[in-house]
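Q: What follows is each chain in one-letter form.
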Amino acid sequence: MIHLSAAHMAAQLSAGETTSVELTQKHLDRIASVDVDVHAFLFVNNEGALAQAAEVDAKRAAGEKLSPLAGVPLALKDVMTQKGVPTTCGSKILEGWRPPYDSTVVTNLKKNGIVILGKTNMDEFAMGSSTENSAYGPTHNPWDLSRIPGGSGGGSAAALAAFEAPLAIGTDTGGSIRQPAAVTGTVGVKPTYGGVSRFGLVAFSSSLDQAGPCARTVLDAALLHEAIAGLDPKDSTSINAPVPQVVAAARSGDVKGMKIGVVKELNGDGYQSGVRTRFEESLELLAAAGAEIVEVSAPNFEYALAAYYLIAPSECSSNLARFDAMRYGLRVGDVDGASAESVMNLTREVGFGREVKRRIILGTYALSSGYYDAYYGSAQKVRTLITQDFNNAFEKCDVMVSPTCPTTAFKIGEKSNDPIAMYLNDIATIPVNMAGIGGMSLPSGLAPEDGLPVGFQIMAPAMKDERMYLVGAALEAALLTKWGAPLLSKIPALAGK
Amino acid sequence: MALTYDEVLAKYEPVLGLEVHVELNTQSKMFCGCSTIFGAEPNTQTCPVCLALPGALPTVNEKAIESTIKIGLALNCSIAPFSRFARKNYFYPDMPKNFQISQYDEPICVNGYVDVEIETDEGPKVFRIEIERVHMEEDTGKSLHVGGATGRIHGAEYSLLDYNRAGIPLVEIVTKIVPGTGKYAPEVAKAYVAELRDILRSLGVSDVKMEQGSLRCDANVSLRLIGVETLGTRSETKNVNSLRSVERAIRGEMIRHAELLNKGERVVQETRHFQEESGLTRSGRSKEQAEDYRYFPEPDLVPVAPDAAWIETLRAALPERPSIHRKRLQEAWGVPDKEMAAMINADVLNIVEATVNQGADPTKARSWWLGEISRIANDKDVAITDLAISPTDVAEIVALVTAGELTDKLARQVIEGVIAGEGNPAAVIAARGIKVVNDDGALMAAIEKVCAEQPETAEKIRNGHLPAAGALIGAVMKETKGQADAARVRELLLGHLGQG
Numbered sequence: 000m001i002h003l004s005a006a007h008m009a010a011q012l013s014a015g016e017t018t019s020v021e022l023t024q025k026h027l028d029r030i031a032s033v034d035v036d037v038h039a040f041l042f043v044n045n046e047g048a049l050a051q052a053a054e055v056d057a058k059r060a061a062g063e064k065l066s067p068l069a070g071v072p073l074a075l076k077d078v079m080t081q082k083g084v085p086t087t088c089g090s091k092i093l094e095g096w097r098p099p100y101d102s103t104v105v106t107n108l109k110k111n112g113i114v115i116l117g118k119t120n121m122d123e124f125a126m127g128s129s130t131e132n133s134a135y136g137p138t139h140n141p142w143d144l145s146r147i148p149g150g151s152g153g154g155s156a157a158a159l160a161a162f163e164a165p166l167a168i169g170t171d172t173g174g175s176i177r178q179p180a181a182v183t184g185t186v187g188v189k190p191t192y193g194g195v196s197r198f199g200l201v202a203f204s205s206s207l208d209q210a211g212p213c214a215r216t217v218l219d220a221a222l223l224h225e226a227i228a229g230l231d232p233k234d235s236t237s238i239n240a241p242v243p244q245v246v247a248a249a250r251s252g253d254v255k256g257m258k259i260g261v262v263k264e265l266n267g268d269g270y271q272s273g274v275r276t277r278f279e280e281s282l283e284l285l286a287a288a289g290a291e292i293v294e295v296s297a298p299n300f301e302y303a304l305a306a307y308y309l310i311a312p313s314e315c316s317s318n319l320a321r322f323d324a325m326r327y328g329l330r331v332g333d334v335d336g337a338s339a340e341s342v343m344n345l346t347r348e349v350g351f352g353r354e355v356k357r358r359i360i361l362g363t364y365a366l367s368s369g370y371y372d373a374y375y376g377s378a379q380k381v382r383t384l385i386t387q388d389f390n391n392a393f394e395k396c397d398v399m400v401s402p403t404c405p406t407t408a409f410k411i412g413e414k415s416n417d418p419i420a421m422y423l424n425d426i427a428t429i430p431v432n433m434a435g436i437g438g439m440s441l442p443s444g445l446a447p448e449d450g451l452p453v454g455f456q457i458m459a460p461a462m463k464d465e466r467m468y469l470v471g472a473a474l475e476a477a478l479l480t481k482w483g484a485p486l487l488s489k490i491p492a493l494a495g496k
Numbered sequence: 000m001a002l003t004y005d006e007v008l009a010k011y012e013p014v015l016g017l018e019v020h021v022e023l024n025t026q027s028k029m030f031c032g033c034s035t036i037f038g039a040e041p042n043t044q045t046c047p048v049c050l051a052l053p054g055a056l057p058t059v060n061e062k063a064i065e066s067t068i069k070i071g072l073a074l075n076c077s078i079a080p081f082s083r084f085a086r087k088n089y090f091y092p093d094m095p096k097n098f099q100i101s102q103y104d105e106p107i108c109v110n111g112y113v114d115v116e117i118e119t120d121e122g123p124k125v126f127r128i129e130i131e132r133v134h135m136e137e138d139t140g141k142s143l144h145v146g147g148a149t150g151r152i153h154g155a156e157y158s159l160l161d162y163n164r165a166g167i168p169l170v171e172i173v174t175k176i177v178p179g180t181g182k183y184a185p186e187v188a189k190a191y192v193a194e195l196r197d198i199l200r201s202l203g204v205s206d207v208k209m210e211q212g213s214l215r216c217d218a219n220v221s222l223r224l225i226g227v228e229t230l231g232t233r234s235e236t237k238n239v240n241s242l243r244s245v246e247r248a249i250r251g252e253m254i255r256h257a258e259l260l261n262k263g264e265r266v267v268q269e270t271r272h273f274q275e276e277s278g279l280t281r282s283g284r285s286k287e288q289a290e291d292y293r294y295f296p297e298p299d300l301v302p303v304a305p306d307a308a309w310i311e312t313l314r315a316a317l318p319e320r321p322s323i324h325r326k327r328l329q330e331a332w333g334v335p336d337k338e339m340a341a342m343i344n345a346d347v348l349n350i351v352e353a354t355v356n357q358g359a360d361p362t363k364a365r366s367w368w369l370g371e372i373s374r375i376a377n378d379k380d381v382a383i384t385d386l387a388i389s390p391t392d393v394a395e396i397v398a399l400v401t402a403g404e405l406t407d408k409l410a411r412q413v414i415e416g417v418i419a420g421e422g423n424p425a426a427v428i429a430a431r432g433i434k435v436v437n438d439d440g441a442l443m444a445a446i447e448k449v450c451a452e453q454p455e456t457a458e459k460i461r462n463g464h465l466p467a468a469g470a471l472i473g474a475v476m477k478e479t480k481g482q483a484d485a486a487r488v489r490e491l492l493l494g495h496l497g498q499g
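These protein sequence lines are chains A and B, in that order. Start counting the first sequence at 0; every next residue gets the next number (numbering that gives the first Met the number 0). Start counting the second sequence at 0; every next residue gets the next number (numbering that gives the first Met the number 0).
Just so you know, not all the hints are guaranteed correct.
[To be verified] Cut-off 25 Å, straight-line C-alpha distance, at most; resulting in silico cross-link-like pairs (DSS-like, lysine-lysine): (1) B:141 / B:62; (2) B:124 / B:87; (3) A:356 / B:87; (4) B:182 / B:87; (5) B:237 / B:175; (6) A:380 / B:182; (7) A:91 / A:414; (8) B:62 / A:233; (9) A:263 / A:109; (10) A:489 / A:395; (11) B:141 / B:10; (12) A:233 / B:87.
To be clear, the hints were calculated from the coordinates, so they are not data collected in a lab.
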């Protein structure tokens, strides 16, 4: 039962073939069995999840009209607040904090009767591409436990691949939904910036952060997307426009006549050969499905990574200033006679990890007077240029595509002492965040040389998210026909307890 | 040796710069829905947003934007079609986010002016104060540092924090440098703050209570040798909590700077705190090394782009400028300049106007507020507006006096009763049994009795020496326990003594 898609689980629930309590319990059992090896979860909310499931079952029994995903379980990235449930963002500095309020995403999940199993592991404050930067230890890729599950949302992606949950919430600042999806053989969508409320998403880089759906199928992602998206008066950057019709698009998957732009700059050198093989194959399948493949150029993408590593750290240096031990979370050195300043210093020294400190220092420097124009100012200009690149390209095509990441999952520890090598992982995903548009990653098969999953990225213009789902559904269907079974059916079985 | 003010001016020219912070009187805070009511229990008016809990986001209070645009328009500013919020980053325990949302290089209102008129040796003179910018920001929380000698965080045993004030909408109004005021610098500054206060009050956007901190003035002062272009080093004086303090602080700083300069020392660029008791300032934090606030555009808020038509609607609805309003009132009431100035100084103009609007005669309304009621306020050491007597009450009392139902003396008793909380004038009159003796028979009896008691005085009046009547009228009033109408007593007395 846990291997089904969320849509299938929902159908069984509404047909009365199972109950949400049963379904939830099965997932909790699975977590109890395999998460010792995977470590996707930082907190499992057994009682809360079952209570929520029982509530949905009661409503269903009473004949109430329920949302499409009502009763289906979900894993929540630990960067989202949920009232009364520990929220750490993978950081020591928030240890013990239980938020007194729900994020808007959680409010929407609850409204839709989606059962929240627990909080998933992540790179500290979403800074990283491997989940190795979690203060609570790394998450392991279910395809190969010695490898990383991507990051920052490695916990959410691994939970899907390990069948610990059929749905998950991720957040994507530079690829944190899409890159983990790519390396775990799952689907991850970063909606258009402002499409899903950021209220209650603990900010890393406010102008880039975007929450989105993670799932094992394109349709599941679409169902979850519609459940969490929409205007939120509590988020001033949330978009006041109808939610794109992504479920209809995912059900249709019709790409006849669509123009698919292959980004010249996001291919070739630096991309693993198996990644390129799978990418070419996907293009052929899309062409066979009736899409027209064209080449587009985005000359400024080469500056995206550098600009990103100025903008994101700058914003984070300000966003993370609130963690000062005064009102919540960790407090270190609070002994008699200690000054507020020394408590603040000690707490931040102990509470923040190396990567977080690195970015705070980088961002503080980039915003300093005398350096602002050269760093933050220039980076913002690059951002404008990248947006122009997208606009120009979208005049020639309906969506743009690329491999999601240059390589398949690397070994845990392989790049942890080389931040630049780590940052290069996100080279293809970052431009999407810089321009505020939507991006999706879905599995395109296994790289022949290492047998590990490869991701295919689809990028669509702002508020045209449905296009990613059209193309994603078409490719997913073509690959399914080719393979005969979903990619995850090939994942090695986890020993479990 | 202490310099005199005249000695300072013989050598130096003062240059002013004034920054005024105004707390808006919106119902909710700048970036969240929390109440802004003053004086609530500490930390009861807070939420995830103004406590900066992780994940919380600000949203802009539209009413605050409207109020700021109104202020900008009233100060003759241009309203930016596009402006942005920025983050001002610095650490302080009473600032929950450890950055303040403010406006930096793209403020909402720019380039305005305010004209103020003051009395000079050459008669009334208008000074134009140019406004550089008006921008929006949020207030910080309030901290109280307990223990330690200075009342500052360093050296304190512990600190108490109240976040009720965190996020209250603030508007900062910054002038350009104000040269050319010479010896009138302190008065011009005071007149500017007073005019600003009146404008803000007329707009209804703030309580403008300096003593409660809803209007706060930072006074920048520098001196330069007369005839020199280059500006001197300035000091910024905070904690200036009344109009009188504005004047005192600037005068004090001018003298302090001049003494330093005369000794060949330099003025330190720093923040200073005004001491209400001594009228002097003490050093605060040094601004020698300009603090680096690492400003950058606030990514959590979309830019402010007010609709041009909306701005015009607000402009059309602006109230009459207080200075023009005052001139109009003065003409309508026929009040001499000196009396007008007295009303403005005593801060009773609005109440007098409200009383007149209730039908009272302007002269009488003015004399009650400026006289008896002001005296009581002074005795009690409270603001006149905080007394429990309203313009309606005073208008009623004036009407009763005019109708002869109260004498001035009785009216004073009624006022006292109203202020003591005994109810409105009618209730006080009823409860205290106050009534005018207007029965001529009773008055005649008293007059005859008094004349009999003071035959010599009566004789003088009979012989045409009218000034002597006062003594007898007084005696009659005493006889009737003050409840007689003195004018009627005089009439009857003079008639009785053949002078009618």
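Q: With the threshold set at 25 Å, check whether the alpha-carbon distance from residue 182 (chain B) to residue 87 (chain B) stays at or below it.
A: The given pair, whose Cα atoms are some 37 Å apart, is violated under the 25 Å limit.
Q: Given the hint that residue 233 (chain A) pairs with residue 87 (chain B), test it: the Cα-Cα distance must not exceed 25 Å.
A: 22 Å, holds
Q: Does the alpha-carbon distance linking residue 489 (chain A) and residue 395 (chain A) stay inside the 25 Å limit?
A: Cα-Cα ~37 Å, so violated.
Q: Do the alpha carbons of residue 62 (chain B) and residue 233 (chain A) lie within 25 Å of each other, as the hint requires?
A: 16 Å, holds
Q: Is the Cα-Cα distance between residue 124 (chain B) and residue 87 (chain B) 25 Å or less?
A: 40 Å, violated
Q: Just to be careful, I want the Cα atoms of residue 356 (chain A) and residue 87 (chain B) compared with a cutoff of 25 Å; is the pair within it?
A: 20 Å, holds
Q: Run the distance test for residue 141 (chain B) versus residue 62 (chain B): straight-line Cα separation, threshold 25 Å.
A: 24 Å, holds
Q: Verify the proposed pairing of residue 263 (chain A) with residue 109 (chain A), using a straight-line Cα cut of 25 Å.
A: Since the Cα atoms of residue 263 (chain A) and residue 109 (chain A) sit roughly 42 Å apart, the hinted pair is violated (cutoff 25 Å).
Q: Holds or violated: residue 91 (chain A) with residue 414 (chain A), Cα cutoff 25 Å?
A: This hinted pair holds, its Cα atoms lying about 22 Å apart.
Q: Hinted pair, alpha-carbon criterion (25 Å max): residue 141 (chain B), residue 10 (chain B). Please report holds or violated.
A: 42 Å, violated
Q: Quickly compare the C-alpha distance for residue 380 (chain A) and residue 182 (chain B) to 25 Å and report which way the hint goes.
A: The given pair, whose Cα atoms are some 50 Å apart, is violated under the 25 Å limit.
Q: Next pair to validate is residue 237 (chain B) with residue 175 (chain B); report whether the Cα-Cα distance is within 25 Å.
A: This hinted pair holds, its Cα atoms lying about 18 Å apart.
Checked against the numbered hints given earlier, the structure breaks hints 2, 4, 6, 9, 10 and 11 and satisfies all the rest.
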